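Add chains Z and E to chain B, keeping to what the hints say.
Residue strings, one per chain:
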Amino acid sequence: MPDSTTITHDGQALSNSANSAHGEHPPYQRHHFETVDQQFDATNFAMWLFLLTEVMFFGGLFTAYLIMRNWYYPAFVEGSHQLSIFWGTANTAVLIASSFTMAMAVWSAEVRRKGALLLFLSLTLVFGFVFLGIKGIEWHEKWEKHHVPGMNFSVQAFVNPQSDPEVYKEYQDKPLAPDMAQKTEEYFFLYFAMTGMHALHMVIGAGILVFMIFRARAGAYTTGHVTFVENFGLYWHFVDIIWIYLFALLYLISRH
Amino acid sequence: MSAATIVSLPDQSTARIPKMNFLTRENGLLSWLLTSDHKRIATLYLISITFFFFIGGALAGLIRLELLTPQTSLMAADTYNKVFTMHGVIMVFLFLVPSVPATIGNFFIPMMIGAKDLALPKINLLSWYLYVGAGIMMIYTMAAGGVDTGWTFTTPLSTHYLNTHVISTGLAIFVAGFSSIFTGLNFIVTIHKMRVPGMTWFRLPLFVWSNYAASILMVLGTPVLAITLVLVVLERTMHIGVFDPAYGGDPLLFQHLFWFYSHPAVYIMILPGMGVISEVVSTFSRKRVFGYTAVAFSSVAIAVFGFFVWAHHMFIMGISNYAALIFSLLTMLVAVPSAIKIFNWTFTLYKGSITFETPMLYAFGFMGLFTIGGLTGVFLGTTGTDIHLTETYFIVAHFHFVMVGGMLMAFLSGIHFWWPKWTGRMYPEKISQFAAVVTFIGFNFTFFPQFILGMLGMPRRYAAYPPEFQALNVFSTAGATILGVGYLLPILYLTWSLKYGAVAGDNPWQATGLEWQTQSPPLTENFLETPIMDHEAYDYEWLEKQNIARQQQKEVASAG
Amino acid sequence: MSEQHEQEHHIVSPLTYAIVFLALLVGTALTVLASYADLGEWQIAPGLTLFWNPVVALAIATTKMMLVVLFFMHVKYSPKLTKLTVAAGFFMFLVLVGMTLADYFTRAWGRW
Numbered sequence: 001m002p003d004s005t006t007i008t009h010d011g012q013a014l015s016n017s018a019n020s021a022h023g024e025h026p027p028y029q030r031h032h033f034e035t036v037d038q039q040f041d042a043t044n045f046a047m048w049l050f051l052l053t054e055v056m057f058f059g060g061l062f063t064a065y066l067i068m069r070n071w072y073y074p075a076f077v078e079g080s081h082q083l084s085i086f087w088g089t090a091n092t093a094v095l096i097a098s099s100f101t102m103a104m105a106v107w108s109a110e111v112r113r114k115g116a117l118l119l120f121l122s123l124t125l126v127f128g129f130v131f132l133g134i135k136g137i138e139w140h141e142k143w144e145k146h147h148v149p150g151m152n153f154s155v156q157a158f159v160n161p162q163s164d165p166e167v168y169k170e171y172q173d174k175p176l177a178p179d180m181a182q183k184t185e186e187y188f189f190l191y192f193a194m195t196g197m198h199a200l201h202m203v204i205g206a207g208i209l210v211f212m213i214f215r216a217r218a219g220a221y222t223t224g225h226v227t228f229v230e231n232f233g234l235y236w237h238f239v240d241i242i243w244i245y246l247f248a249l250l251y252l253i254s255r256h
Numbered sequence: 001m002s003a004a005t006i007v008s009l010p011d012q013s014t015a016r017i018p019k020m021n022f023l024t025r026e027n028g029l030l031s032w033l034l035t036s037d038h039k040r041i042a043t044l045y046l047i048s049i050t051f052f053f054f055i056g057g058a059l060a061g062l063i064r065l066e067l068l069t070p071q072t073s074l075m076a077a078d079t080y081n082k083v084f085t086m087h088g089v090i091m092v093f094l095f096l097v098p099s100v101p102a103t104i105g106n107f108f109i110p111m112m113i114g115a116k117d118l119a120l121p122k123i124n125l126l127s128w129y130l131y132v133g134a135g136i137m138m139i140y141t142m143a144a145g146g147v148d149t150g151w152t153f154t155t156p157l158s159t160h161y162l163n164t165h166v167i168s169t170g171l172a173i174f175v176a177g178f179s180s181i182f183t184g185l186n187f188i189v190t191i192h193k194m195r196v197p198g199m200t201w202f203r204l205p206l207f208v209w210s211n212y213a214a215s216i217l218m219v220l221g222t223p224v225l226a227i228t229l230v231l232v233v234l235e236r237t238m239h240i241g242v243f244d245p246a247y248g249g250d251p252l253l254f255q256h257l258f259w260f261y262s263h264p265a266v267y268i269m270i271l272p273g274m275g276v277i278s279e280v281v282s283t284f285s286r287k288r289v290f291g292y293t294a295v296a297f298s299s300v301a302i303a304v305f306g307f308f309v310w311a312h313h314m315f316i317m318g319i320s321n322y323a324a325l326i327f328s329l330l331t332m333l334v335a336v337p338s339a340i341k342i343f344n345w346t347f348t349l350y351k352g353s354i355t356f357e358t359p360m361l362y363a364f365g366f367m368g369l370f371t372i373g374g375l376t377g378v379f380l381g382t383t384g385t386d387i388h389l390t391e392t393y394f395i396v397a398h399f400h401f402v403m404v405g406g407m408l409m410a411f412l413s414g415i416h417f418w419w420p421k422w423t424g425r426m427y428p429e430k431i432s433q434f435a436a437v438v439t440f441i442g443f444n445f446t447f448f449p450q451f452i453l454g455m456l457g458m459p460r461r462y463a464a465y466p467p468e469f470q471a472l473n474v475f476s477t478a479g480a481t482i483l484g485v486g487y488l489l490p491i492l493y494l495t496w497s498l499k500y501g502a503v504a505g506d507n508p509w510q511a512t513g514l515e516w517q518t519q520s521p522p523l524t525e526n527f528l529e530t531p532i533m534d535h536e537a538y539d540y541e542w543l544e545k546q547n548i549a550r551q552q553q554k555e556v557a558s559a560g
Numbered sequence: 001m002s003e004q005h006e007q008e009h010h011i012v013s014p015l016t017y018a019i020v021f022l023a024l025l026v027g028t029a030l031t032v033l034a035s036y037a038d039l040g041e042w043q044i045a046p047g048l049t050l051f052w053n054p055v056v057a058l059a060i061a062t063t064k065m066m067l068v069v070l071f072f073m074h075v076k077y078s079p080k081l082t083k084l085t086v087a088a089g090f091f092m093f094l095v096l097v098g099m100t101l102a103d104y105f106t107r108a109w110g111r112w
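Residue numbers (our numbering), protein chains in the order written: chain B, 1 to 256; chain Z, 1 to 560; chain E, 1 to 112.
This is chain B alone, in the form it adopts within the complex (with noise of 0.2 Å):
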């Protein structure tokens, strides 16, 4: 494939100088890189980038929050009496205990340990089904009490707060009238896009997980070749301060 001469369009053959060097360089560096050392900053760079549209992609979502809750704030904070605090704080734990494993996982790369890598590794991946089996269970319960908006959703929890005991022995909420009731549905409607939108994160987070713990079996990080490891990284803490964002949001309005 590659020739290690050329023949110019004068007619001159020249040895490419690119090609004499296949030698010199590690096998994971591409070619069209100059250094190992350009490669790891132009990929760390497009990753903190396409982090960035990360970032504005959830923008709009935060945006339509803030206005919305806004603008309905007495269904927003009834709204969030719905959402376990204790789920939402042990899934914050459980995360940011994620973040804790990643960040030593690439110390593991860095340090050339392939046994600690695939160990944190892991418990990663662990922790990151664990935030999602509590989502499930979130999500599940939410569809029980007929809080899925669209979904033949109801408002009697807050036209009628008493008649959820449970929630009403811990906030005695007011009810609400009719049509700001109504709105509560716009509040779990961005419940579920924000969350929703975050687990899909995690999933596709998850599943290069997998591939990663394969991969560094097969010992492809533990050679001086981090960078997989650390844009990865990257992606998962982004997606860890996502969630403390949504849980100051979207749990904490106010429990007072």
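Hints listed in this document are in silico derivations from the structure and should not be mistaken for laboratory results. Check the hints yourself; a few may be wrong.
Taking lysine to any residue pairs in the SDA-like style, the calculated list, with each CA pair at most 20 Å apart, reads [said to hold, decoys possible]:
no., chain 1, residue 1, chain 2, residue 2
1, Z, K122, B, T227
2, E, K80, B, D37
3, B, K142, Z, M238
4, E, K83, B, N231
5, Z, K122, B, T43
6, B, K142, B, R255
7, E, K80, B, F50
8, Z, K430, Z, L494
9, B, K142, Z, H239
10, Z, K122, B, F211
11, B, K145, Z, M238
12, B, K169, E, F91
13, E, K76, B, N231
14, E, K80, B, N231
15, E, K80, E, F91
16, E, K83, B, F50
17, E, K83, B, T43
18, Z, K122, B, T35
19, E, K83, B, D37
20, E, K80, B, T227
21, B, K114, E, P14
22, B, K169, E, L33
23, E, K83, B, R30
24, Z, K122, B, R30
25, Z, K122, B, N231
According to the in silico footprint, chain E covers these stretches of chain B (three or more CB under 8 Å from chain E) [as the list claims (entries may be wrong)]:
no., segment
26, 50-58
27, 95-104
28, 185-191
Keep in mind the model is a prediction, meaning the values are calculated, not measured. Note that beta-carbon positions come from the ideal geometry of N, C-alpha and C, so glycine has one too.
Okay, now just chains Z and E, sitting in the frame of chain B:
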């Protein structure tokens, strides 16, 4: 036309296209469909966007045919709505946004900075596949009956009241958006990280600066469009959402999110074209671009300020007066960097040695028509006059002047300018100059009457109009026919030139960029040895010295 | 150039990560507790009140985010370009949210 020309071709009796180049390196369909060579990907893009340009153009032809008569004659009003919607969607997302960046940018940015490829070649190929996927989804949408919301998808029309294929169009645009994001991302990384030694930021060709600025817009703006489309799709499927007042939503929220991208989008479309003009004006005046730094910074300024003005599309929609005031003021600011470019190109021409080859003809067309289009933008950015002019044919004329009279002319200028480097062959000069003039005349006949129609009050997006507007509409349609000829001719003679065009040689224009210092068409690796950049941009004296040195080398080689 | 690369390949110690991890957990506990307390308000002007609860919640969230960004994502040890990129991201997000909200908040101000 002046008989003077700067074209310097090799001796046609002995010149040959170099046997080894990026086109001949490998053969077979898979070598194209699985390529990571930015030049092949650019070629794939060129073919695909030309295809969609002609579909969009055919739709435009249908619009102009319908508007020959005041009544709905050719098609039902609903069908007309679908025609102009698909025309807008295809032209914006499948033609204008990728036009220069994905073709000329993909091909030449690595070469201009001395690199072997873009930073992420596989992502580049993914970009093209996403584009093709979006195109297929768009064709499906048209075959399935189209969408009639207007390219702006205003809610609650698009979420609630229409039964047409909003979702498939939205998804197609979503996919096209990611194609655009990845291209922009690739360019930013490449321009930051892959410049050869000596290629400092201020030695870059201005084409690179313009594409860099456009790439920032692509990366930061397009994701907001993506989430907006997701929300529209969710609202249509779940019948609950944040845009429909019936559920407590706000239709204006859609418009804020939509225009947050779609205004920067117009700068995504025009900035690369401005980059082309910088290169062409310099080369055909034999002079460095006047005020390089100002032109470079103005590109970035357009990108930055372009993010702050989106609500000028919403003056009559119900935003607060205070917001309208702020956005109007900011809109005035964003006009300034564009004007700086026009001034600087004009000063480049002053005392330059000007010749009128086809790229330069298109560039002159750009400078005049973009100026008119841009100035009319000021009328629209002023809230008082906008109330009268918005949603009329004045707007239609305004954006066609900047996009067609501006951007499309710049695209054609660039295609002709870099054609010899891309294909190794020259296009036929006389017929291409003729086509450029035909395009210019056709364009003015088509769109200038629309300014008048708009001021007189003809609304946009209407299949039927009051009879007093017919004369100008007929005039406009006649112009469109001429314009169509002007666009058809390049397809014919450029294809012809692939086989029969004169062999171009390395640098037929005697231009100064690094891409002209290697063979035409280029090698897959672009350069035999990594170039070192040791001179300023647009340094025609350096070029002279290069030519003399090469001449001497040849003499030594043939003597020894 | 090489200095920059030494910086990039600066390996953050597990101890740093552990401290940040604990800080994040503490922040989480704090923000949950704060949501149960009524932190009052600040009457900036008639008709313009600032409630402290959301401010505190966002402040804690932002602090947690900064810790993740600086340490877990290595931005503290990254080249200037990375820091600039992160800043650009914040800025654009604020422009999107801020300028859109500027319309919503000023609608009630009525006509001139």
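Structure-based check of all given hints:
no., hint, verdict
1, Z:K122 - B:T227, "holds, 16 Å"
2, E:K80 - B:D37, "holds, 16 Å"
3, B:K142 - Z:M238, "holds, 16 Å"
4, E:K83 - B:N231, "holds, 16 Å"
5, Z:K122 - B:T43, "holds, 12 Å"
6, B:K142 - B:R255, "holds, 19 Å"
7, E:K80 - B:F50, "holds, 18 Å"
8, Z:K430 - Z:L494, "holds, 13 Å"
9, B:K142 - Z:H239, "holds, 18 Å"
10, Z:K122 - B:F211, "holds, 19 Å"
11, B:K145 - Z:M238, "holds, 18 Å"
12, B:K169 - E:F91, "violated, 43 Å"
13, E:K76 - B:N231, "holds, 16 Å"
14, E:K80 - B:N231, "holds, 17 Å"
15, E:K80 - E:F91, "holds, 16 Å"
16, E:K83 - B:F50, "holds, 15 Å"
17, E:K83 - B:T43, "holds, 16 Å"
18, Z:K122 - B:T35, "holds, 19 Å"
19, E:K83 - B:D37, "holds, 18 Å"
20, E:K80 - B:T227, "holds, 19 Å"
21, B:K114 - E:P14, "holds, 16 Å"
22, B:K169 - E:L33, "holds, 18 Å"
23, E:K83 - B:R30, "violated, 26 Å"
24, Z:K122 - B:R30, "holds, 11 Å"
25, Z:K122 - B:N231, "holds, 17 Å"
26, 50-58, "holds (count 4)"
27, 95-104, "holds (count 7)"
28, 185-191, "violated (count 0)"
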